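Chains C and F, in that order, are what the protein sequence lines are. For the first sequence, my numbering puts the final residue at 175, and the numbers step up evenly by one. For the second sequence, my numbering puts the final residue at 821, and the numbers step up evenly by one.
Hints in this document: simulated from the structure, not taken from any laboratory. Nothing here was measured: the structure is a model prediction, and the numbers come from that model. Glycine included, C-beta positions come from ideal geometry on N, C-alpha and C.
SDA-like cross-link-like pairs, simulated, lysine to any residue; straight-line CA separation at most 20 Å:
(1) C:K69 - F:V436
(2) C:K52 - F:V671
(3) C:K69 - F:A438
(4) C:K52 - F:I789
(5) F:K498 - F:H556
(6) C:K69 - F:L431
(7) F:K237 - F:V191
(8) C:K69 - F:L477
(9) F:K564 - F:L684
(10) C:K69 - F:S440
(11) C:K69 - F:L435
(12) C:K69 - F:G784
(13) F:K517 - F:S476
(14) C:K69 - F:M475
(15) C:K52 - F:L772
(16) C:K69 - F:D421
(17) C:K69 - F:G777
(18) C:K52 - F:I762
(19) F:K591 - F:D580
(20) C:K52 - F:R678
(21) C:K52 - F:G784
(22) C:K69 - F:I762
(23) C:K69 - F:R427
(24) C:K69 - F:I429
(25) C:K69 - F:I789
(26) C:K69 - F:I432
(27) C:K52 - F:R676
(28) F:K635 - F:T797
(29) F:K419 - F:N160
(30) C:K69 - F:Q759
(31) F:K498 - F:T222
A few chain F positions that, by computed beta-carbon distances, are all more than 12 Å from chain C:
(32) I6
(33) A270
(34) V442
(35) R458
(36) R503
(37) G566
(38) S601
(39) W606
(40) V687
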Amino acid sequence: MTQHESDRLGSGGSAGLRDRAGQYLTFALGNEVYGLEILKVQEIIGMTTVTKGPRTPDFLRGVINLRGKVIPVVDLRTKFGMESHEDTNLTCIIVVQVMRDNQQVTMGVIVDEVAEVLDVRADQIEPPPTFGTSTQTEFISGMGKVGSKVIILLDTDRVLSWGEVDAIAEVATST
Amino acid sequence: MEEQDIPGIVNSLSEALVLAEPSDLQTLASMHTQCGQVAEWARNKGLGATADCCGASAKLLESIILGEVADPVQVLGLISKVAEALQGIVRDGRGESEVTFPLESLGVGVKAQAAPPDPDKKPPTKPSATSKPPARSRRLEGDQDLLSEFVSEAQEHLDNADVHLLTIESNPSDSDALNAVFRAFHTIKGVAGFLALEDIQALAHESENLLDKARKTEISLTGGNIDVTFEAIDFMKRLVQHVSNALTSGAELPVEDELPALVTRIKSAASQSGEPPEGESLAPSSGHKLGEILVDAGLATKDVVEKAVLYQKASERDCHLGELLIREVVITRAQLEQALELQQERETEKQLGDILVEMGAARLDDIERALAKQEAPQRQVPVGEILVQTGEVDAKDVALALRAQKQKQAPMEVKEAVKVDADRLDRLIDLIGELVIAESMVCQSIETLSVTVPHLSRQISQLDKITRELQEMGMSLRMVPVRGTFQKMARLVRDLAKKSGKRIEFVSEGEDTELDKTVVDKIGDPLVHMVRNSCDHGLEASPEDRRRAGKPEVGHVTLRAFHKGGSIYVEIEDDGRGLDRDAILAKAREKGLVRDGDAMSDREVWSLIFEPGFSTAKVVTDVSGRGVGMDVVRKNIESLRGQVEIQSVAGKGSIFSIRLPLTLAIIEGMVIRAGRERFIVPTLSVVRSIQPHAGQVTTVVGRGEMLTLQGELIPLFRLHRIFSLSGAIEDPYKALVMIVENEGRKVGLMIDALVGQQQIVIKSLGQAMQELDGIAGGAIMSDGTVGLILDVGGLVTIANTYQFDVPKTDTRNLKEAVAQV
Chain C
1 MTQHESDRLG
11 SGGSAGLRDR
21 AGQYLTFALG
31 NEVYGLEILK
41 VQEIIGMTTV
51 TKGPRTPDFL
61 RGVINLRGKV
71 IPVVDLRTKF
81 GMESHEDTNL
91 TCIIVVQVMR
101 DNQQVTMGVI
111 VDEVAEVLDV
121 RADQIEPPPT
131 FGTSTQTEFI
141 SGMGKVGSKV
151 IILLDTDRVL
161 SWGEVDAIAE
171 VATST
Chain F
1 MEEQDIPGIV
11 NSLSEALVLA
21 EPSDLQTLAS
31 MHTQCGQVAE
41 WARNKGLGAT
51 ADCCGASAKL
61 LESIILGEVA
71 DPVQVLGLIS
81 KVAEALQGIV
91 RDGRGESEVT
101 FPLESLGVGV
111 KAQAAPPDPD
121 KKPPTKPSAT
131 SKPPARSRRL
141 EGDQDLLSEF
151 VSEAQEHLDN
161 ADVHLLTIES
171 NPSDSDALNA
181 VFRAFHTIKG
191 VAGFLALEDI
201 QALAHESENL
211 LDKARKTEIS
221 LTGGNIDVTF
231 EAIDFMKRLV
241 QHVSNALTSG
251 AELPVEDELP
261 ALVTRIKSAA
271 SQSGEPPEGE
281 SLAPSSGHKL
291 GEILVDAGLA
301 TKDVVEKAVL
311 YQKASERDCH
321 LGELLIREVV
331 ITRAQLEQAL
341 ELQQERETEK
351 QLGDILVEMG
361 AARLDDIERA
371 LAKQEAPQRQ
381 VPVGEILVQT
391 GEVDAKDVAL
401 ALRAQKQKQA
411 PMEVKEAVKV
421 DADRLDRLID
431 LIGELVIAES
441 MVCQSIETLS
451 VTVPHLSRQI
461 SQLDKITREL
471 QEMGMSLRMV
481 PVRGTFQKMA
491 RLVRDLAKKS
501 GKRIEFVSEG
511 EDTELDKTVV
521 DKIGDPLVHM
531 VRNSCDHGLE
541 ASPEDRRRAG
551 KPEVGHVTLR
561 AFHKGGSIYV
571 EIEDDGRGLD
581 RDAILAKARE
591 KGLVRDGDAM
601 SDREVWSLIF
611 EPGFSTAKVV
621 TDVSGRGVGM
631 DVVRKNIESL
641 RGQVEIQSVA
651 GKGSIFSIRL
661 PLTLAIIEGM
671 VIRAGRERFI
681 VPTLSVVRSI
691 QPHAGQVTTV
701 VGRGEMLTLQ
711 GELIPLFRLH
721 RIFSLSGAIE
731 DPYKALVMIV
741 ENEGRKVGLM
751 IDALVGQQQI
761 VIKSLGQAMQ
771 ELDGIAGGAI
781 MSDGTVGLIL
791 DVGGLVTIAN
801 TYQFDVPKTD
811 TRNLKEAVAQ
821 V
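Pulled out of the complex, with its shape left as it was, chain F reads as follows:
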């Protein structure tokens, strides 16, 4: 160490100290080196106190870097004092005794040669403990890509953690789930630390501690503890969302005031010993049911399983002594029947048990044991046992199925997945579609069909097969199971139940049902609303109310998804009160939606709740509604080309059934011709097609043409006129009229011919033709050309605009309307 370097080092050390931030690791590290250098120099020079102080400072810096110091700013202040003293020695040439080292604060032993404190200077005071915490950097630092990756990963982890936590709640000893939640927080903590996201890191750290204790079974994750963990997950989601927002907007991270309170709660949860688990639990919603496995394996028929489940449910409520005895293999069924007969014959008040003892079929202690069991809280008899008892299924098969069930549940099926850019995926699907068209054009061409060489035709059919498979694979690429969405609902029901004090059992079925990714994403909000409705308004307000209605205290909300007839159904069923027909009707009359004396079917009445401003809360219950109304739910679902239907029985419950198309990319279309052009009409909106008879078409002066169909007047609209197509049939009695419907309004569309029906892949027309009136989009037809899909809604609007309500500003429309008359 060169003598002349020292003043420079000390100077830069002092400067660095002024600017140093506890988070600036690089500066801290260089300060650490500088302190070491000065210490070495001082030792060589025989300046013991200086060397010790520098050494101690270096150590302190090291612990700041390692994050072991609670208040780094305070420590840095201390080191500044050292630097001040150093400058006195080095620059001003003072002796070691003339300067003050904060030896005590540094924890350095006061040595003999250390100078007594200068009387003129105040002894170095320890910086007050109330010194302000460091102004944390609220801006995002670090690599943008890494941050956005972190956000998406963290969200995934948190969603998983939610699910596992639900599992833990119903089964606190599930160590796999516990480990999974722990890992989620652990990973988030690690990455957040790396990206300097302090809030997230702090929260993750405390949560990890709590979960770690639970892992070591020092505490049990039940009751309040699990609530805190749920809270932590929610808060973490919020923090991650902040990061995501800050990433997109470039804004600063907002300060979360509630974080310290939550951290304290987590800490206190971690420090207390386990509390007794609450009795309440939620049925596990994941995993396959034993019955399903047995049916799948062909070991039992569905009927048998259903019977067993019914039996299980029945036995849950009341279990007859006789049944109990049979189950315990004390008596046989024949003996029981005999005893029951005896009881009836003699018309005695004698108890069944006594009779059995009299008969010698059972011993007194057996009966007593059975009676005790009957009194005791019911143990739910597993379906498997019932199946074995009734002799329907072999015990070994049940055991095998049970094992299969365990295996299926245990590792949560970690599937390898690759994240792919959605654009590339769409491109691939496009190309597969083209391949299918090109392939079918080659295979169907006359030249190919007349090929007589056997090996060539074999290869062609092989090509055909591969293409079909590729097409199927392509279609499935965008399909994802609804599991994720359903699991979120499980969490929602849990929270709602906690909040409202209801006891709700949530069951989800058909989680493996696959839907187009877009549909799955968009169905979330309407589902949340409907599930909330079912829990809030559908189910009775309290367990007592349910008991009074003669139902089990635990309310059931079932969410199920299944395929039926080319569509996917998502149903929300509750066993609550059902919709109140009279209340809805009263409200509808009040709003002028229905007239007195209108005879309405249940279906029509139920669909009233989808009317805008028709608050279900005020009608059906007194609980105030919130969030989107049912009209928004219906709109959301209709935008996915789906439909909602309601079935409801007063006092028994309701089923909200959502029908959705398999995919948004394909529709069933009717190809029509007008003039020389072909168009596609979505089959869903076609009511019927007719060839008008003479007299059916009437002209209303100034109001265009009307079609009389079964007493109904339908505006008639010539497609070729609106689209200015030449060569179309002008005589309505020679043309075809297709009656199309949109949002309940009907309109007749005059066309030349129906060409056929086919599955059509919807394509965007891009910017070029986006705003064409009456055209919804394009489609690739089976011959590879582009067809245009008519927008029935738009056409109806145009038709109505022409005929009834011509806006003055739109002169072009006016002209055409005039031309039409």
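Okay, chain C solo, but in the shape it has when bound:
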């Protein structure tokens, strides 16, 4: 975990933040607004039947059939430790391409509502806040301030990488 922390801080300098400028797909989770790099997003689909795998962590909602391909779906609410609620007709799945072990993996992310595509300039990005060890922030690549909105920019590869998922799950069970 400390390794991650130092990695993030090392790359989280101003040069790293400048790299994060670009277009983000923003979506809502509860009252918070998050952003995913648009280049990682493949498509957005409506909520569909998700098959839950037995003995899998809660945030892994299950698998869906994406036009003949079976992809895993992560419930971001559960993952971020937010209170889960019933899916609404605004709930949707953002299909993203992430790198995992140097392999491109397609997976889905369940979010409350998709908002818009925003251009975030480098000068609008600030490093992620630190709240000590009580809050996991290593999958946040920065905070974007566009107008009056504050967008939490997610590090897509990291937020959905399983290695970390396992680590979080371990932390969750041991505490």
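Assemble the complex: chain C is given as a structure, and chain F must be docked to it using the hints.
Coordinates of chain F only, in the frame set by chain C:
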């Protein structure tokens, strides 16, 4: 040509010569130009000897470039001498007479003005003939893409060549096959030359020469010559494999020491005149049989053809004089019968022939001719002739069928094919599957079904039809005929027969049967092993042994593929000794697999040979075994969801029968429900489902639950507990128990309900869920959602782990096991 340029040119020429490699065509070419320039300058200056030497050097360079020089390094050395002399003239300002040109070696006529050799300097000696051959570059040069393309093409060519060569062996005059083999080597040679693969080029060149001579009928491709050609193909395969390995690993090409020896053998084969063909030949394994064509065309029934073939086989062994005479239309059948009756009535020792002559039915010379024929080596009577004689089929129809057979065999059916990335193909198949699901959901929806507009419902049914066809097409995309694999077996049998001195006729049937590409690829190794077994151990050790056993000397190994009941069968049949029941049992007792007094069916005994470490070689024959054992064969086949069965009759032969699913992508699945979740169990592993009666389920202290079924105790395993599913039925007498089997172990799976049975397209769950215990994979269900396929093997392992053998390290399992009790 400017005077001041010359020193520069000469200098760069000398430098280039030091570094020059015979394979470096660009440098050679520029040296060629430089020599030409210097020659021109020298001529203008009136330096005749210099000009001649440079001219000659230019010519030599040209022949190196064209590859006409046997020892380019030696020649380059010669040219270096010229360059040395040139430098003396140009740089040091010496006269032409003060330097030495290796005129003689260059083959330039010594002219009057040429200076006599300087007494101080040694005359230029011809570089010794024993000079080292050029250190050939062992690294791969050239474009990677081109190389890998070459590898795959060459492999294809060589496989084809193998097949054609087999054809040639059985029919040396088949010029089409000969041309095909020739072309294979020719193409390989061309591309290898281009890619600077010298070994391959050299081998291909010599083989091409040999085949070319055979084409021109200067030699005949039989006996030793064909062996050499086979060897060349094998060696070429090896060389191509080296290239392929080097491509993937980046390593250098290994040096093949045996290549020169082989090349010499090929050369000597090409130089000798044709030798008499050996009598031995292998039956052609390709092409359709006349009988099949006739049956297909509806001209004859299968029975008739079979009868004719039987007759053909019978007549091969012994042919009665009477039959012969009838066939020759000397006598009629009635006359023969009459004569035979007479022979019996009179109980005379009189020969049939004499009686016939007496009767006046046949003339003496006819009989004599027939007798001679009877003595003479049997000519096999073509099936067609027999059919015509027995009056079953019209002669014209047979002729037409024969023509069809020829046409089918002749051009080897060159089909246009496009190579497609396998990923794209899978994607297409995925999408077709989705289309089928989406289409059926649209067509089956209540709204659609209530449509009353006629043209719309017509269009919907049209859409439905197209979708079905597309689905069928999609399924067939991955299917390939087993021909390629079978043809490799033909080659294998040929080699085995040569090596062991047995006479083996190899017959393959049903080569057009199509199987999933993955299955075809994976079935190769087990087949090789089984075919080898049949040839090595199955068939009697020698023709004499066979004769003693009352069988024809030529042993038969038949490989056939066919469809039956939704599966594909591949059978290997031999007419050898059959399995030795007693020997197998003795060995099994020795190994403790069987107890004395166990009553075992043949089937159980035969399946013993699949046990690990159960060497068939030591049991069934004395020939030592090799390669993978039969247990590996069975494992390979089971990994393809196939099964192996053996039928064997002592002294008559054995049939190894492999049953395989049509495709790996689709399974027959039973959909079950536990709690709110649905799962799929492969129908193959389901034994039965029961609703337990009171008293059938017992708890064993500390060992979980057991189900008593017909006196058998089966561990009972609650699916919802292991998967932590809520809302499932807890009372075992209200739930269903599905008995599943894996590798002979049975386990009861407590579930809520059976939902139904359906064909299921297997999908990988990807990395996300790959390692889920008890889940084998995912599947797209008919409603478009994903279902999870239970891994019965994994479940059985989990079940057994919980109940009998709880590893201390796995505390989670232990906890659950405790919870279960």
